[in-house]
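Please arrange chains B, C and D on chain A, whose structure you already have, making use of the hints.
So the sequences go chain by chain: A, B, C and D.
Per this note's numbering: the first sequence ends with 588, consecutive numbering throughout.
Per this note's numbering: the second sequence ends with 588, consecutive numbering throughout.
Per this note's numbering: the third sequence ends with 588, consecutive numbering throughout.
Per this note's numbering: the fourth sequence ends with 588, consecutive numbering throughout.
Quick caveat, the hints were computed from the structure, so don't treat them as lab data.
Do not take every clue at face value.
Given that identical chains are not distinguished, each listed pair holds provided it fits within a single copy or across any two copies.
[As the list claims (entries may be wrong)] As a list, the in silico SDA-like pairs of lysine to any residue whose alpha-carbon atoms are at most 20 Å apart:
1. Lys484 x Arg471
2. Lys534 x Ala479
3. Lys373 x Arg524
4. Lys491 x Arg321
Number of protein chains: 4
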Amino acid sequence: MSTAGKLQGIFTPNIVPLDAHGEINEPELRRYTDWLIERGVHGLYPNGSTGEFTRFTPEERRRIIAIMADQTRDRVPILAGAAEANTRETISACEYYHSLGVRAVAIVSPFYYKLSPSAVYAYFKEIGENTPIDVTLYNIPMFASPIDVPTVQRLSEQCERIVAIKDSSGDLPHMIRMIQAVRPNRPDFSFLTGWDAALMPMLLVGCDGGTNATSGIVPEITRKLYDLTLAHEIEKARELQYKLVTLFDTMLYSADFPEGFRAALKLRGIDAGESRQPYSTDQHLKMETISRTLACLLSEEGFADQPVGGCPVGAERIDPEQVGRIVQGVLAELKQRGLA
Amino acid sequence: MSTAGKLQGIFTPNIVPLDAHGEINEPELRRYTDWLIERGVHGLYPNGSTGEFTRFTPEERRRIIAIMADQTRDRVPILAGAAEANTRETISACEYYHSLGVRAVAIVSPFYYKLSPSAVYAYFKEIGENTPIDVTLYNIPMFASPIDVPTVQRLSEQCERIVAIKDSSGDLPHMIRMIQAVRPNRPDFSFLTGWDAALMPMLLVGCDGGTNATSGIVPEITRKLYDLTLAHEIEKARELQYKLVTLFDTMLYSADFPEGFRAALKLRGIDAGESRQPYSTDQHLKMETISRTLACLLSEEGFADQPVGGCPVGAERIDPEQVGRIVQGVLAELKQRGLA
Amino acid sequence: MSTAGKLQGIFTPNIVPLDAHGEINEPELRRYTDWLIERGVHGLYPNGSTGEFTRFTPEERRRIIAIMADQTRDRVPILAGAAEANTRETISACEYYHSLGVRAVAIVSPFYYKLSPSAVYAYFKEIGENTPIDVTLYNIPMFASPIDVPTVQRLSEQCERIVAIKDSSGDLPHMIRMIQAVRPNRPDFSFLTGWDAALMPMLLVGCDGGTNATSGIVPEITRKLYDLTLAHEIEKARELQYKLVTLFDTMLYSADFPEGFRAALKLRGIDAGESRQPYSTDQHLKMETISRTLACLLSEEGFADQPVGGCPVGAERIDPEQVGRIVQGVLAELKQRGLA
Amino acid sequence: MSTAGKLQGIFTPNIVPLDAHGEINEPELRRYTDWLIERGVHGLYPNGSTGEFTRFTPEERRRIIAIMADQTRDRVPILAGAAEANTRETISACEYYHSLGVRAVAIVSPFYYKLSPSAVYAYFKEIGENTPIDVTLYNIPMFASPIDVPTVQRLSEQCERIVAIKDSSGDLPHMIRMIQAVRPNRPDFSFLTGWDAALMPMLLVGCDGGTNATSGIVPEITRKLYDLTLAHEIEKARELQYKLVTLFDTMLYSADFPEGFRAALKLRGIDAGESRQPYSTDQHLKMETISRTLACLLSEEGFADQPVGGCPVGAERIDPEQVGRIVQGVLAELKQRGLA
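Okay, chain A solo, but in the shape it has when bound (with noise of 0.2 Å):
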């Protein structure tokens, strides 16, 4: 069992920026990891899948956790992403970001080909006995092989080194049972979702906190909705959920993932620089589209100016039900691609 204290709180999985050649951007990643910390994060995430890992080379991903490791000084954890091409190379990733000094390590299930329980449990098992650093277990079973409660209460339960996972299914019963089977034996373990549109339900459900890609964009908020919810204060939290919900929306839905938190980041002052996925045309005209009603919803929020030309008032205020609409039709375009 970890000496360390239990995960708990916001953790903020960052985009990292990159400069005009398309590689990383030391100085405004640096500058991002200061505006994080100083906006009150409890902790950061980088190489999550916000983080783009899988588009970095290996080395490239041990340098994002040099630079933030170094950066952060220890004024709030890091949880570092340390999935490699198979165990040896990830535990040899574990092992220098143990050298770095993080607080733990978290490390997706398996993906491209789809493994069976016992194959995932077989991964983790590996890595939770050879590793000298915490590990975090991450399940996305939209990108991942599925990591189902058994393999969760055998792991948590045969190796002390795996202290939490983060679940970004968002699927409410599914975390009650997870929590149901592993925390009678395990109360220092750690539940995180990574699931924002639904952070306060899982909170009051049982969870311990969360690894919120709205974190990165808009922290006053995530940050404020967890304490409201850890404060009991329903109503309040319920307001602001909904209105994270839009906003995650907005940024999830309207483009490939993480492009529209991209967008979002640029209207809050960190240049995240251009993807190193390319764009098709069409897609740099709809991102246009996308970032005038990103920046007429953070306006709101006081976080962005308005876009040129304004934003819709009175009756033509861009309401929720808008947003809903707009939201709706590309959930439905993502469906159509099997990604909701």
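Chains B, C and D only, in chain A's frame:
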């Protein structure tokens, strides 16, 4: 807009007891109706999915509502499942149920064929404009054509007679999106969840109640969970929600729906008879085991005797984790059939 | 084992023409029956999915078979869709259809509820043991509980009355697995594919025929494709199969099923009237465009006049790629609804 | 347009043998390369899904191609899997493989993130315009972002360097739609199927060949099936296709991919060593049973000795139906994991 007050609270989707010939067992149905009302459910919901409406003839479906309306004598409101082969037949059923004095009907989205949002809209529009009775939309995407958010919004704005939606998707953010889209213009519109495993968080994000199959078996628990949640007794509600997840999962995933509920109901003293859907030999054997498990779970709450031979005690005592593992196995089986 | 000979060839699942009041248009149904027989289909298959069996009352379903049996006068065999609310009602329908002299019934797997293989087996076993008429299993996993290979095998070995399966999954390897599992012990058992877009390859891997909706619209093409394939005229068959894919895709994916087929049927001179499933305004508009596209496709084969205004010619001529792109768009829309 | 001739025939996606330390076993990889060429495969396809490309480091992936190119010495063409972390890294790999003299590269669609058609297009467009070597698109929707028909069409029209698609969806109508959309304008474009269970019908509807994992284990059968099909020896081809389905299903669905293929390869005398993906205890036990089943299947073709203790004979003889039942069980397991 309805003048009869908003639909709120727990509406029980009841199983229809059958006699030894597979016919509707009217005396037991009347006794069950009283049993439920005495245990505090806010309303009744016959001819729902739990009520196996598709396995009865059109004439039987009418008889079920007539019996229950007569037995209820306005002690609680009735939400009558009214879906028939086409809009003409459905409207005719609405008229009949209206003449019986039920509070409202619930109409499942067209099934077998999976219809587009446009077609789902046209279907409910025609019914909404020609019904003499309040209508609850019934969204159960695992069985029927999904009713998406823009469709709910359009219908709520155009048809005063459409006053509620029952949503059995169990998707929290989806519920939030619906409420955001509809409530500002239709504050009287009611949102009911059919997913017992998320009842507490659904209520906390803004639902008005639920149509929950567990309330047909353990109405004491479902009702108490509702009350605790509305009183913001978060810790107590959470504890009860966890218990309900275990019961719900065991009844839902252990057998072909709704056989787990039928077995549990028998343990509570209501004899629903045998299903019209025939059992294979292995299903008969499996139901014996399930029945023992259910007896142990119910006996812990004082709702049933322990099975002959007793329940596991001490170290072997049936605990949530054990059930969790069983349920996960069945969940997996279900997924294999494309059902979960 | 049936003495009536193996089910073979193309069985047409026919739409039921409706009159201006939405009632069965008996004269047009009789005319359509003759029209199909004259164009060479091997058999008729009323009350199938194309026949919208769920949108008729039990009484109407019986009347449809009675009319068609009377009109057919044994010129071709009839496969009558016989699924009703439960096994008792279904067996009663089987008895009635037997009394009308139809060749066999087809019974879709239980729908709405998605049943386990054990329950699907028990359902067909009870029917198979109590029916006076040959039974075709009907597997259409996108609409009803799947009938898996071991279930088909068990039923084929235990019930002589079960003589065929109609499979609409369109999955070639699945068809091969079924044939491998059943044919050695039941050489008389027939395998029919309901997936027109794979008719030629299905026949080449061992199918005995098809129940193909295109044969209700362009029976000349479907029949010719069948003949060419059986004669191993591979190049010619392939060319026709490609053409059929374009027609099938356009009719299937351009509108809510079976509206594309209804529109095409009208172009061929059979007036099926308006659907019992109401249209929204945008569906009406969309159907006009679809109807023009279908008219152009059918006019190329000499099966319909060009629409007013003509069809694209020369460089603008409608070519398979263009249609392909349209179809892909609709396929995508369908996927979004979980239908493809 | 490529001047090197159209890609045709059977390209073998080979497993990479590992030594006792989990390192690339170069001598065995060279021996396996020769073994395959001697048995008549038309080409080799290293770094594919069967080749576990994601479990090797970027450096190892390059070494695998270098070894095989050296060993092949132009006896057969090589299709080299070249997908790396992003377009820049992928193009760099293309350049290296070009310098080794391989015939073409195959690039899987972006995975982990599921991208929109626009983004998939932009990805391949950038690569297609900057590669010195012919490119095969690789569509495997169960593992990676789908490449839809309009995207294949656009890319084929805009990028001469893109000369083929390997499609592992196993969907016949989809293959027909692709060929219809592309072949008229690009008669040199090649269509390869990666779905062994449909090889014969895929060739009959117009495919140019296959990249088939079975050809790495029983190249004699896969090659003979190809030849018989091209000669339109339909009955003989069908018989062999059925046999291949049984072998394919057993290897594919009996264990986490590609472990069934690895076990079968060992029975054929090529020692691929142990997987880099660790096994759990129950996987080890399961593989023993699978290995016996595979030995019996292979011994029937004279490709392996019977296992110690022999194979079932007479009434107990292993027959396709038996295997069918086993395979169905595993298929079901797979579905439960969302894999089939």
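Structure-based check of each hint:
In this assembly of identical chains, the alpha carbons of Lys484 and Arg471 lie at most 20 Å apart only when taken from the same copy (13 Å versus 25 Å across copies). In this homomeric assembly, Lys534 and Ala479 never come within 20 Å of each other (Cα to Cα): the closest approach is 40 Å inside a single copy and 46 Å across copies. Taking the shortest alpha-carbon separations for Lys373 and Arg524, only the inter-copy value of 14 Å comes in at or below 20 Å, while the best intra-copy value is 33 Å. For the homomeric pair Lys491 and Arg321, neither the shortest alpha-carbon distance inside one copy (33 Å) nor that between copies (44 Å) is at most 20 Å.
Figure legend: structure checked against the earlier numbered hints; hints not met, in rising order: 2, 4.
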